[in-house]
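Colleague: Chains as they are written, first to last, in my numbering: chain A, 84 to 426; chain B, 84 to 426; chain C, 42 to 366; chain D, 42 to 366.
Heads up, a few of these hints could be off.
[Stated by the list, open to error] Keeping only pairs whose Cα atoms sit at most 35 Å apart, straight-line, the calculated DSBU-like set for lysine-lysine is:
id, chain 1, residue 1, chain 2, residue 2
1, B, K354, A, K354
2, D, K237, D, K294
3, D, K237, C, K363
4, C, K294, B, K134
5, C, K237, B, K122
6, C, K237, C, K80
7, B, K354, C, K237
8, A, K134, D, K80
Think of the hints as simulated: they come from the structure by calculation, not from any bench. On a predicted model such as this, the values are computed, not experimentally measured, just so you know.
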Amino acid sequence: MAKKRGSGAAPADPANDDIGTETRLRMYRTQLTARMFEKRANDLFLQNLVKGTIHLATGHEAVAAGFATAMRDDDLTFCTYRGHHHTLARGAPIVGVLGELMGRECGLLGGKGGSMHLTSVEHGMMGCYAIVGAHMTIAAGAAWSAQYQRNDRVTVCFFGDGATNIGAFHEALNLAAVWKLPVVFVCENNLYMEYTPIHTVTAVEHPAADRASAYGLEAVIVDGNDADAVLRVARVAIERSRDGGGPALIEAKTYRHGGHSRADPGTYRPKAELDSWLARDPLDLYRARLLEFGVAAKALEAMETEVLEAIDEATEIARSAPPPSPDKVEADLWAEGGAAWRN
Amino acid sequence: MAKKRGSGAAPADPANDDIGTETRLRMYRTQLTARMFEKRANDLFLQNLVKGTIHLATGHEAVAAGFATAMRDDDLTFCTYRGHHHTLARGAPIVGVLGELMGRECGLLGGKGGSMHLTSVEHGMMGCYAIVGAHMTIAAGAAWSAQYQRNDRVTVCFFGDGATNIGAFHEALNLAAVWKLPVVFVCENNLYMEYTPIHTVTAVEHPAADRASAYGLEAVIVDGNDADAVLRVARVAIERSRDGGGPALIEAKTYRHGGHSRADPGTYRPKAELDSWLARDPLDLYRARLLEFGVAAKALEAMETEVLEAIDEATEIARSAPPPSPDKVEADLWAEGGAAWRN
Amino acid sequence: MAELTYREAVAEGIAQEMARDDRVVFLGEDVAAAGGVFKTTVGLLEKFGPDRVKDTPISEQAIVGAAMGAAMTGLRPIAEIMFSDFLAVCWDLIANEIAKTRYMTGGQVSLPLVIRTANGGGGSFGAQHSQSVENWAMAVPGLKVVAPSTPADVKGLLAAAIRDPDPVIFFEHKFMMATKGDVPDGEHVDRLGTAKIIREGSDLTIAALAAMVPKALEAADRLSSEDGVQATVVDLRSLVPLDTATILDAVRKTGRLVTVEENPRLCGWGAELAAIAAEECFFDLDGPIVRITTPHVPLPCAGELESLALPSVDRIVETVRKTVD
Amino acid sequence: MAELTYREAVAEGIAQEMARDDRVVFLGEDVAAAGGVFKTTVGLLEKFGPDRVKDTPISEQAIVGAAMGAAMTGLRPIAEIMFSDFLAVCWDLIANEIAKTRYMTGGQVSLPLVIRTANGGGGSFGAQHSQSVENWAMAVPGLKVVAPSTPADVKGLLAAAIRDPDPVIFFEHKFMMATKGDVPDGEHVDRLGTAKIIREGSDLTIAALAAMVPKALEAADRLSSEDGVQATVVDLRSLVPLDTATILDAVRKTGRLVTVEENPRLCGWGAELAAIAAEECFFDLDGPIVRITTPHVPLPCAGELESLALPSVDRIVETVRKTVD
Ligand SMILES: Cc1ncc(C[n+]2csc(CCOP(=O)(O)OP(=O)(O)O)c2C)c(N)n1
Ligand SMILES: Cc1ncc(C[n+]2csc(CCOP(=O)(O)OP(=O)(O)O)c2C)c(N)n1
Ligand SMILES: [Mg+2]
Ligand SMILES: [Mg+2]
C-alpha cells in the first residue's frame with residue numbers, strides 16, 4: 084500500500100521557505116484564537132454560563148489552521164461536534180460562536196443549535212454534526228453539488244478516529260471515490276473515541292490511512308500538531324481535488340489536551356502519553372518555529388494580547404446578550420419561517 | 084496487499100486427489116439439487132403457484148456446495164434473499180423450502196417469511212435476510228456467541244458484491260476482526276447488483292477482496308464456479324477460524340444465469356459475457372470433472388433422476404398442502420406464541 | 042387529459058421538473074440505466090443525461106446524505122430509496138440530519154429535497170419489503186410527508202414536492218404502480234397539505250391514504266347500496282402538512298370518524314387523526330372513533346395471511362356496520 | 042430498602058442478572074473500562090470480566106446486530122446505544138431484523154435481548170442528543186418498550202427485560218440519572234406490561250412516562266391544593282405490552298384523560314392512548330382527550346427555549362385547568 088508518512092514534514096529551513104512569514108503569522112493567529120477560545124469556553128462552562136456539553140479541540144489547532152489556510156474562501160467545511168477550532172478558523176465571528184455556546188440570541192444559530200452544531204454558511208462552515216460519521220455522506224453530497232455546478236469548490240470534511248468504524252464512513256468514501264468528488268476527508272486521530280482508545284476497537288493500526296486502499300485512495304498520514312506540515316498536505320490534496328483528481332483521505336495525528344467533553348476529566352490516559360503530547364503542543368511548536376524564522380517575540384506577544392482582547396470583548400458582548408425570544412421555539416422549521424404541521 | 088488469486092484451484096489430477104470421490108459425489112448432488120430446485124421454483128412462479136418475488140441462485144451452486152461440504156453440521160450459515168441453494172445445501176428438506184416459496188403451511192417458516200427469509204435453525208441455516216448487508220453484523224454476533232460459549236462453531240456468512248458498499252459490511256468486518264471472531268464472510272460476486280454492474284459503483288476492482296486489508300485480513304479470491312476450488316478455500320478458512328485464527332473474507336467469482344429476480348429478464352447483460360459464463364456452468368464443469376475422475380456416467384444419470392424425483396415428490400406434497408391457518412396472522416410474534424401488545 | 046399509469050406519472054412528474062429547473066438532480070439504486078426496479082424512472086437518463094440521473098452503489102446513507110449535501114449547496118435533489126423499508130437503513134440521515142438542520146441552524150440551511158420510496162404491502166413480498174412506514178416520517182418534526190393514491194396526484198404532488206423548499210418524503214405505493222387514471226396535460230403542479238373529499242355522505246367520515254383510498258371508496262359504495270349508510274371519504278394525500286381543516290370539517294358534519302390505514306396498529310397516522318378529533322371536535326362526535334389498521338405484527342408473506350392482515354373492503358364494511366349500529 | 046440513584050439502579054439491575062445467568066453478556070461504546078458515559082455501568086467490567094462486558098467500536102449497527110446474532114444462538118445480550126437518538130443509526134437492525142425475525146421464521150428464532158439507551162431532553166444537549174423516541178419503538182411490531190421513572194422501577198423492570206424471552210427496548214431517561222429512590226433489597230424483579238397508579242383522584246386521569254411522571258405528579262398536587270381538582274396519575278412504565286386494563290379503568294372512573302409526553306406532537310404514544318380511549322371508552326368520557334407534548338419541532342438547545350418546548354409542570358396545570366373547566 085502506497086502510504087505516505089509524515090508527508091509535508093520538511094525540516095524547518097528559514098533559508099528555503101515554501102510558506103512565508105505572512106501565512107505563518109496568519110496560521111499562528113488562527114491557532115491562538117482557537118486555543119484561547121477553548122480556554123474561555125471552559126471557564127464559562129465552569130461558571131455555568133455555557134450549559135449542556137462542549138467538546139474542546141485544545142491540541143487540535145494545527146489541523147484547523149493548516150486546512151483553513153489552504154482553503155479558498157468559497158470552499159466548504161464540514162466537521163464534528165468538536166468543531167470550535169474549525170468554525171473560528173473559517174472566519175466565523177468569535178461572538179457568534181461564543182454566543183451559541185452560551186445559548187444567546189447573538190449565537191451563530193440563534194441559540195437553537197448549540198456548541199455541537201455550529202454552522203456559518205456565509206463562512207463556508209457548513210456545519211458541525213453530532214452523530215458520528217453521518218456528515219461524511221453529507222460532505223460528499225456538497226462535493227457532488229460543486230462538481231455538478233462546476234464551481235470549482237472543494238469540500239473539506241473533518242472527522243475523528245472513532246468515526247472510521249461506522250458504516251457512513253465507508254459509504255461516503257466509496258461514493259466519493261467512484262464519483263471522483265472534490266472532497267478531502269481529514270481524520271483528526273487523537274487516539275481516543277470518548278474514553279476508549281481507538282486501537283482497542285480497530286482492526287488496523289492507522290484507522291483512516293489503512294482504509295484508504297479500500298477506496299483506491301492513497302494513504303496519507305501527517306503530523307497534526309505541525310501546522311506547516313498540515314498546510315503542505317492540505318494544499319496538495321485540495322488542489323488535486325479542485326483539478327478533478329477526486330477525493331483524498333488524510334490522517335492527521337494529534338491529541339486532545341483535555342477530556343472528551345466537559346463531563347470527562349480524561350483520567351484514563353497514561354500520564355507518560357499525555358506528557359509526551361503536551362510536550363508537542365502545537366502552539367508551542369509553532370511559536371518556536373516563528374521565532375526561529377526570525378519573527379520578533381514582541382510581535383507574537385502583541386498578537387497574543389490582541390487575540391485575548393478580541394475574546395474578552397466577545398465574551399462581554401455574548402454575556403450581556405439576551406436569550407433567544409420564546410417565539411423561536413416554533414420558528415424556522417420550514418423555509419417560510421414557521422413550524423406548522425397543519426393548516 | 085497479500086492477495087491470493089484462484090486459491091484452491093489446483094488442476095484436476097485424479098492420481099493425486101485431495102478431495103475424494105465420495106465427497107465429490109455429495110457436492111455434485113448438492114449442486115444438482117440446487118439447480119433443479121431453481122428450475123422448478125421458476126416453473127412454479129410462471130404457473131403463479133409461487134407468488135411475490137424469488138431470487139434464483141442458478142449459476143451459484145458451486146459456492147453453496149463447497150462451503151456446505153466444508154462445514155460441520157453444527158456450524159452456522161447466514162445468507163441473503165438469494166439463498167435457496169445454501170438452505171438446501173445445509174440439508175433443509177426440499178418440501179420445506181418449496182412449501183415456503185408457495186406460501187404453504189408446510190413451508191419452513193409456515194409461509195410467514197417467504198422465499199427471502201428461509202431459515203432452518205435445526206440445519207444451522209440461521210436465516211436468509213432481505214436487507215442488504217444487515218445480516219453480516221448478525222453473523223458476527225453468532226460468531227461472538229460461539230466464541231463466548233467455546234462451542235467451536237464457525238459461522239459462514241454469504242453476501243453479494245453489492246453488499247460491499249453498505250455500511251453494515253464495514254462495521255461487521257471490523258468488529259469480527261477486532262474480536263477475532265470465528266466467522267467466514269463469503270462474497271458471491273456475480274458482477275451485478277440488481278441491474279447495475281458492480282464495477283460502475285465500486286471504487287476498487289475486487290469489491291470484497293480489495294477491502295480485506297482494511298480489516299487486517301488476507302484477500303482471497305476463488306473461482307466460485309468450481310466447487311473443488313471453493314471447498315479447498317472454505318476448509319482452510321473455516322478450520323483457521325475454528326482454531327481461533329479469527330475471521331476470513333473470501334470473494335468467490337460467479338455469475339447468475341438469469342435476472343436478479345423473477346421481475347428481471349436480465350437483458351442488460353452483454354451477450355458475450357453471458358455466453359462466456361454459461362460456458363463455465365458449474366454443473367457442467369463438475370460433471371465433466373467427475374467423469375474425468377472415473378465416475379460412471381450411469382451413476383451420474385441415476386443421481387440426476389433421483390434428485391429430480393425428490394423434487395417432483397416435494398412439489399406434489401407442497402402443491403397439495405394447505406395454506407397457513409388464519410390464526411397464524413397473530414401468532415409467534417412473542418415467545419409465548421401470541422402477538423398481543425396489551426393486557 | 043391523458044391516461045397514465047401510476048408508475049408513468051412518477052417519471053412524468055420528475056421529467057416535468059427536471060426540464061424546468063436544472064438544479065433538479067436525481068440519484069438512487071438502479072434508477073438510471075435500468076429505469077428503476079419499479080420502472081418508475083424509465084427514460085430519465087436518456088432525457089437528462091448521466092450528470093443529472095445517477096446510479097448509486099447500495100449505500101442508502103450515502104444516497105440521502107449526498108442529497109442533503111447537494112440540497113444545502115444549491116441543488117434540488119431527488120433521492121430514491123427503493124423500498125420504504127430501507128428508510129430504516131438511512132433513518133439517521135433522515136430523522137437526525139435532514140429533518141433537523143434548518144431548525145438547528147436557525148434557518149441558515151435550506152434543504153429542498155425529495156426522498157421518493159416504494160411503500161406498502163399486498164404482493165407477498167414479505168415483512169422486509171412490504172411495510173407502510175409513513176407514520177415513521179410523520180413522527181419526525183421537519184419532514185413533509187406525502188402519499189398519493191392516483192396518477193394525477195402522483196404527478197402533481199411530486200412536482201409540488203420537488204418545488205417545495207423543504208424536505209419531503211414521498212411515498213409511492215408499490216402495488217398501485219399499474220393502476221391507471223387521467224392526468225392533466227401540460228404542466229401539472231398540485232399543492233402539498235391538501236386533502237381531498239372524494240365522496241360525500243352524511244353518516245360518517247372515512248379517512249384513508251394511498252392504497253386504502255380505493256378500498257375505502259369501494260366500501261363506501263357497498264355501504265351505500267347494501268345498508269343505505271352514506272360515508273364521506275377523505276383521501277388525505279399529505280400527512281405533513283395535514284389538512285386538518287378539511288378532515289375536521291368532515292368529521293363535524295358527519296359526527297363519526299373511521300380511519301383506514303396500512304400502518305401497524307400502534308402509533309400510526311390513524312392514532313394521530315383520532316387524537317386530534319378526540320381533542321378538537323369531541324362534542325361533535327356521535328360515537329367512538331374507530332381505527333382500521335394492520336394488526337400490530339410484521340406483514341406475513343403467504344397471500345392468505347397477508348390479505349387477512351391488511352385492511353380489506355370487507356373489513357371496512359363490517360367495521361363500519363358495527364360502528365354506526 | 043436501600044436508597045439508590047437512577048444510574049446506580051441500572052448497574053444493579055444488570056449485575057443482579059449477570060450474576061444469576063452467565064448467558065447474560067453486555068456490549069456497547071465506552072461501557073466497560075469507562076463504566077458508561079452516564080456512569081450507569083460502573084463496576085460491571087470488574088465484576089464480570091472482559092468476556093462478558095465488552096467495549097465496542099462506534100458501530101451501532103454491529104452492536105445491535107451482534108446482540109441479535111448472540112441472542113439467536115443461546116445468549117441473552119444487553120446492548121447499550123449511548124443516546125436514543127442513535128437508534129436511528131441502527132434502526133434497520135432494530136425495526137427490520139430484531140423486531141421481525143421471530144414472526145417471520147414462524148417462531149423458530151428467539152431473541153431474548155435488551156437494548157438500553159439514554160432517552161429524553163432537558164439539559165441543553167441539542168436536537169441530536171435529546172430526543173424522546175419511545176414512540177418510534179412502539180410503532181414497530183415485535184418490540185417491547187419500557188421506560189421507568191424511578192430507581193426501583195429501573196432495577197426491577199431492567200431485570201424483567203433481561204429475563205424476558207423477547208426483544209426489549211429499554212429507555213433510561215438521561216436527565217433522571219441523579220434522582221434517588223428506595224430500591225428493595227435482594228433480588229428485585231418487576232413485571233413488564235404493568236402500569237402503576239401513583240396518585241388517585243376522581244376528576245381526571247393523567248398518563249405520563251419517565252421524566253414526565255414527577256412533573257405530572259407535581260402538577261396533580263398543585264391542582265389539588267390550588268384548584269381542588271383531583272387527578273389520578275398513571276405511570277405507564279411500559280408501552281408494549283401496554284397495560285390498557287389499568288389505564289382504561291382509570292379513564293372510565295374519572296371520565297377524562299390527559300396525556301403528558303416528551304414525544305414531539307405527531308404520532309406519539311399520547312396519540313395512541315387517546316385513540317384507544319376514544320374508541321374503547323368513548324361513552325365514559327366527559328370531555329375532550331387532551332395531549333400535552335413537545336411541539337412538533339426538533340428540541341432547541343438554549344435552556345430558555347428547551348424548557349418552553351418540553352412539557353412543564355406549569356403547562357400541565359394550565360392545560361388541565363382549561364380542560365376541566
Ligand atoms: C453514531 C454515534 N455513536 C456514538 C456517539 C457518541 N459519541 C460522541 S463523540 C464519540 C467519540 C468519537 O470519537 P472520535 O471520532 O475519535 O472523535 P473525537 O471525539 O476524538 O474528536 C462518541 C462515541 C455519537 N455521537 N454518534
Ligand atoms: C439496504 C438495501 N438496499 C437495497 C436493497 C434492494 N436490493 C435487493 S437485492 C439488491 C442487489 C444486491 O446485489 P448483490 O449484493 O450483488 O447480491 P445479488 O443479488 O447479486 O446476489 C438490491 C439493491 C435491499 N434489499 N437492501
Ligand atoms: Mg478521537
Ligand atoms: Mg451481485
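Colleague: Indicate, hint by hint, whether the structure satisfies it.
Modeller: Against the structure, the hints come out as follows:
1. The hinted pair formed by K354/B and K354/A fails the criterion: a straight-line CA distance of about 66 Å is larger than 35 Å.
2. With a CA separation close to 15 Å, the supplied pair K237/D and K294/D stays within the 35 Å bound.
3. Using a Cα cut-off of 35 Å, the hinted pair K237/D and K363/C holds, with the two alpha carbons roughly 33 Å apart.
4. Straight-line distance between C-alpha atoms of K294/C and K134/B comes to about 44 Å, which puts the hinted pair past the 35 Å bound.
5. With a C-alpha separation of about 48 Å, the suggested pairing of K237/C with K122/B is violated against the 35 Å cut-off.
6. Annotation: proposed proximity of K237/C to K80/C holds, straight-line Cα distance about 28 Å (limit 35 Å).
7. For the given pair, K354/B sits about 50 Å from K237/C by alpha-carbon distance, which is inconsistent with the 35 Å threshold.
8. The hinted pair formed by K134/A and K80/D meets the criterion: a straight-line CA distance of about 20 Å does not exceed 35 Å.
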